[in-house]
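Q: Here's the letter readout for the chains.
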Amino acid sequence: MSSFIDYTVNGLVIGNIYALLAVGLALIFGVANLINFAHGSVYTLGAYIGWAAIVFLHTPLPVTMLIVFIGCALVGIVIERIGLRPLQGKARIAPLLATIGISFVLDQLVQLAFSPDPRAVPNDLPDWRLTIGGGSIGAMDLLIAGVGLVSAALLYIFLRFTKLGSAVRATAQDREAALQMGVNVNAVNSAVFAIASALGGVSGLLVGMYYNHIDPAMSFQATLKGVVAQVIGGVGNVPGAIVGSLLLGLVESYGIALLGTTYRNLFAFVLLIIFLLWLPNGLFGGRSTIQTEPLVGSFIAPSRPLRLPRWSVWAATLAAFALPFATSAPYLLQTLTNAWLAALLALSLTLIAGTAGQISFGQAALMAIGGYASALLAVDLGAPPVLSVPAAGLTAAALGTLLVFPAFRLRGHYIAIATLAIGEIVSLVILNWESLTRGAMGITGIPPLSLFGRDLDSNRAIYWLCLAIVVALGLLQTRLLSSHLGRTLRAVREDEIAARCYGVRLDRYKALAFAFGAFGAGLSGAITAHLYSYLNNQTFDSQLSLLALTMVILGGMGNVLGAIAGAILLVGLPELFRIAAEYRILIYGVVLLALIRFRPQGLLGAV
Amino acid sequence: MAPLLEMRGLTRRFGGVTAVKTLDLVVEEGELVSLIGPNGAGKTTAFNMISGLDQPNEGEIVFAGRPIHRLAPEAIAALGLARTFQHGRVFANLSVEDNVLLGAHTRLRAVRPRAPLLDGVFELALALIRPPAVEREEAALKAEVREILRLFGDRLISRVHDAAYTLSYANRRRIEIARALALRPRLLLLDEPTAGMNPTETAEMQALIAGLKAQGMTILLIEHKLEMVMNLSNRIYVLDDGVKIAEGSPEGVRNDPAVVEAYLGHSEVGRGARSLEAITS
Amino acid sequence: MSLISMLKLKGLAKPAMVAIGVAAIGVTSALAQAASGDPVTIGVSGPLTGQNAQYGAQWKKGFDLALEEVNGRGGVQGRPLQYVFEDSQADPRQTVAIAQKFVSDPKIVVEVGDFSSTASMAASSIYQRAGLVQFGFTNSHPNFTKGGDFIWSNSVSQADEQPRLAKYAADLGFKHLAVLYLNTDWGRASQNIFSEAAKADAMEIVASEGYQPDEKDFRSTLVRVRDAKPDAIILISYYADGALITRQIRSVGLTTPIVASGSIYSPKFIELAGDAGNGVFTESNFFPGDNRPEVQNFVAKFRAKYNEEPDDFNAVAYDTIILLAAVIDKYGVDRTAIRDGLAQIKDVPSVIYGKATFDPQTRRVAGARAVYLVVKNGAFTLWDGKKPSAS
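Protein chains in written order, with the numbering used here: chain A, 1 to 607; chain B, 608 to 888; chain C, 889 to 1279.
Extracted from the complex, chain A is given alone in its bound form (with noise of 0.2 Å):
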């Protein structure tokens, strides 16, 4: 008994850390509608901000605080006024992916001034600790929930009593009526842009100390757990972003206590998906009632697509055939092998998300579907990679199509976050599902690829091969754009709700398309699974699901030749800047933002 309690006080403590990230999210949330995922970042930031306050200035924690404080809300309007305001009217995938970028070059920045090494962080806080039960809690606990709560107190008062706070609540509830009412709408979101970021650099800085540990990667971890909580709370909910927090604290604790530590994750994120499915407003959200009409339909920017002659494509894919006879390097027909690969999950990805409208941030779990079911198929069962790879592209296809089916009903970016979830689900059970998959430890020696029974084993039967699958995929889903079905796809897209009164049973065309689209990123893995003769559970992670995604935007979304050359462009490139290593990721970020900003249609046109 006295161990329940343990765990039911560790799981508030770790609720009350979530929470002070999870208020900041649920501000942005809130009011400009969007998941932030640079929130981790000025996370991240603060926590240095402050570190390099109390090493150099020697301030005691009230002021560091207060340095914190400001310097985040500084970068907080900075990143509203340069990342975002931009991105007004446009696609509202723009702002999702332009914070996607902003938390590259954050976290690099950081990285590049502070190094990669972990740092402590000195506190000066008393040292005393209060025991309950078989554990105990400290001076910092306090401090953290102390801060927590008081900030979302200010915050609900502030949403609820003052000019600015109503402004802030009419700004989130319509925009243009806020704007015809003489609302200044641009200082709004740069309010709150500060606001949150504040809290989400103090929060940084007080978790640092907490552990004693800073380091530049924490960004990620962190904007996921508070997404979470957010869900559970209800989305740009405040209050509810702290009771979400606890809750989601509490499960991690019993689940760790049911089932160990490994599960802790899976746990949170299974909890993600329950309440994305049963109750996607949240514990406070309210129930929403009639859908109202919106006043246009469509998701993506509406562009024209740039047509390429046939015969200027024919001849570049001829080319890309004969380039192994006419140079043989190995290192270019290696980059471009990853490339067709990688396009391989482009295509797959622009057909979901581009034609389908259907925006998936897991399509790495998709591909670790194929690449184990094709390892487990070859190593367990002795099959020959000719049949086990297209075995692992249906497997990926029917699995990874089941697996997301529950989240068929959901819209916008709570498929995004859905999604996220269930990559990083599969992730977790592919890591403790260890009589299966091995866990961490991975499957080696699976075999090389094989064609009647020769292996192929040099670089430019590789790249043949790899090019083939993808010319082919690539004809097969032109066709498929060009048919009935990708008229009905686009529909879905486009309108769900005049879609469906016209006869289109949206969960079944959604199926097709991720089943198709899992199909050819299942067949990326199980290539890559015996090119690697290697893999585990760290082979295909999220970095990836994020990658695909940009792949498609740089190509233009649903454009199958955009889905290559996106491919082409995000997998060459950094193979060419390998000359600047270290400034790589950075320049990765500033060239998405610059893309969201000019031209989010994408180079080749959305289709």
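Just so you know, the hints here were simulated from the structure itself, not pulled from any lab data. In this text the structure is predicted, and so the values were computed from the model without any measurement. Some hints could be false.
[What the hints assert, rightly or not] In silico contact screen, one side only, chain C against chain A (beta carbon under 7 Å); selected entries:
1) G925
2) T929
3) T937
4) Q1016
5) H1064
6) D1102
7) R1107
8) S1108
9) R1135
10) P1176
11) N1179
Where a beta carbon is used, it is the ideal one built from N, C-alpha and C, also for glycine.
Take the given structure of chain A and dock chains B and C to it, following the hints.
A: Quick look at chains B and C alone, frame taken from chain A:
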């Protein structure tokens, strides 16, 4: 003969508000019935319930002898009911042609086989392989779409491959109607088809609808432009605050004091009026 | 009459010969002191950015120090030795591309890296096929060197390391162990080996908790651990996560002794763990307090150059360059000759091993020396042999 559409005791509540209260409504085959009333009267709510986007709390809706009030919109569309939307909902990034072709989705047979469980796989396969039957169906459909577009003169045909968002508002509403016609509906629901249109465009639309009616189409129309309503309708239902306050022929409704009162009470305070026209012209 | 015969007549031939000989040697060694000519290039594949970037930075420090020394005494076969570092982010996709680059660049005579076994093993087949030695000096996965006869490593295999850790726990008198391990390929493999060895040493594993690399909060984990009633907590961790756990163990009030695997050995562990680090037992293949001349030499030079204490990663990186320099110097710059040289070379001075010799079967070095350590007053010190009293 049984009416094509019948609503009995239809009620819809949202929290404390009753949007539609025990509505009885009948549409006979070949009729054009209008649904009018001040804003917020519950007209679009009724449409949403007929088309399956919403479910009534009480009451039932019967279409061609079948109860449809618990069916999903896709199923209702397959039964031959097409609708347009109050603010216009075309598929913005799809071409005019594609928009209208989608309207025929429920009628497709070659490319959308009916088979248990595996029909999705078949549909995918047919989309990729495209046997002659599929090609023929598509060609026939495209020809039909041209026919439908010709109803609108030159406006849509000349832009048939342009994305819908590039067309004017009025044209987009026309596309909506063309799409609805492509479904070959037994019942056509039009939700304020002339909203936001100038008098010339309104007159054109009125002529178009009259033409459809002349060809035997059964239409249920929501409109604010009372002249049009009077000219087109066989019968009119008047709603106010979710309640049917009058029904009957255009002449009957025009002079019904309750109706005048309803409109008077919602606008034009202080101006004496004895008929609807006086207020709304 | 020749000069020689003239000198012989004068009885000066012998001393003259010696003088000329000495002069000649003097001149040539003066020439050899400055390594000159085309540099010999080592290709390094490792993380300069990304999650593991700090380890790449540690490598560079070790490499640079070793190169200074090597080139200071004439380089390899008279030529300067250098490395080119390609950022792989320890990502298998990139290690594969880098591998292609290296194998097709004739200037690269041997490859070093990558950081994680996963990343390295993805590229092994490329190195093997092309006949370029892949020297994964931090890859301790048991299957790493099985990739082929061009795949070598001087990293201490977990097969050697973990039994030693188990033995330390046994020597400390512990019987019931709770194991916390990093749930990666390295950590999992290590934990497996540790558990086997612990059981062989008649100890019982009462709890076994795997955690993710980005895990920060261990409080609930520690409740599970506490409830299993261990008399020691074993950490199979790197220094950052090891420090996190150690601090939390103490801050939740657990006084159970902690025995951590040598992978936490780093000054950063002390810095991050703070006071909680005191009393932690660990062992290391590298310890600056070790009196061996190779170790002292290295530590002194590292301190002089970088003004900080070296850690394990610096030491193995340094060792690797010294080792490869010795092989190249003796056997030449041909790629296959280098492979053969690795199999043949004996007793290369090594900070980790004292004298390093490879086992041609496993392509690893056996006999890593380790010392038992304990943290006292914020510093690693040699264990004095005293068993901790029952807590």
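Q: Would the hint on G925/C stand, with a C-beta cut-off of 7 Å toward chain A?
A: Not OK, violated: G925/C not within 7 Å of chain A, min 26 Å.
Q: A closest beta-carbon separation below 7 Å is what the hint needs, so does T929/C meet it against chain A?
A: violated (16 Å)
Q: Would you settle whether the hint for H1064/C is holds or violated, based on the nearest Cβ-Cβ distance to chain A being less than 7 Å?
A: Violated, because the Cβ-Cβ distance from H1064/C to chain A comes to roughly 18 Å (cut-off 7 Å).
Q: Regarding the hint that S1108/C lies at the interface with chain A, is the smallest CB-CB distance below 7 Å?
A: Holds: closest Cβ of chain A sits about 4 Å from S1108/C, inside 7 Å.
Q: Please verify that hint: N1179/C, Cβ, nearest Cβ of chain A, below 7 Å or not.
A: violated (29 Å)
Q: Measuring from the C-beta of D1102/C to each C-beta in chain A, is the shortest one below 7 Å?
A: Constraint on D1102/C satisfied, holds at 5 Å.
Q: Identify whether the interface hint at R1135/C stands, where standing means a beta carbon of chain A within less than 7 Å of its own.
A: At about 6 Å, which falls below the 7 Å cut-off, the nearest Cβ of chain A leaves the hint on R1135/C intact, so it holds.
Q: With a cut-off of 7 Å on the beta carbons, see whether Q1016/C makes it to chain A.
A: Status violated, d = 10 Å.
Q: Interface hint check: R1107/C, Cβ to nearest Cβ on chain A, cutoff 7 Å. Holds or violated?
A: holds (4 Å)
Q: Should the interface hint for T937/C be scored as holding, given a Cβ-Cβ cut-off of 7 Å against chain A?
A: holds (6 Å)
Q: Once the shortest beta carbon distance from P1176/C to chain A is found, is it less than 7 Å?
A: violated (19 Å)
Consistency note: the structure conflicts with the earlier hints numbered 1, 2, 4, 5, 10, 11.
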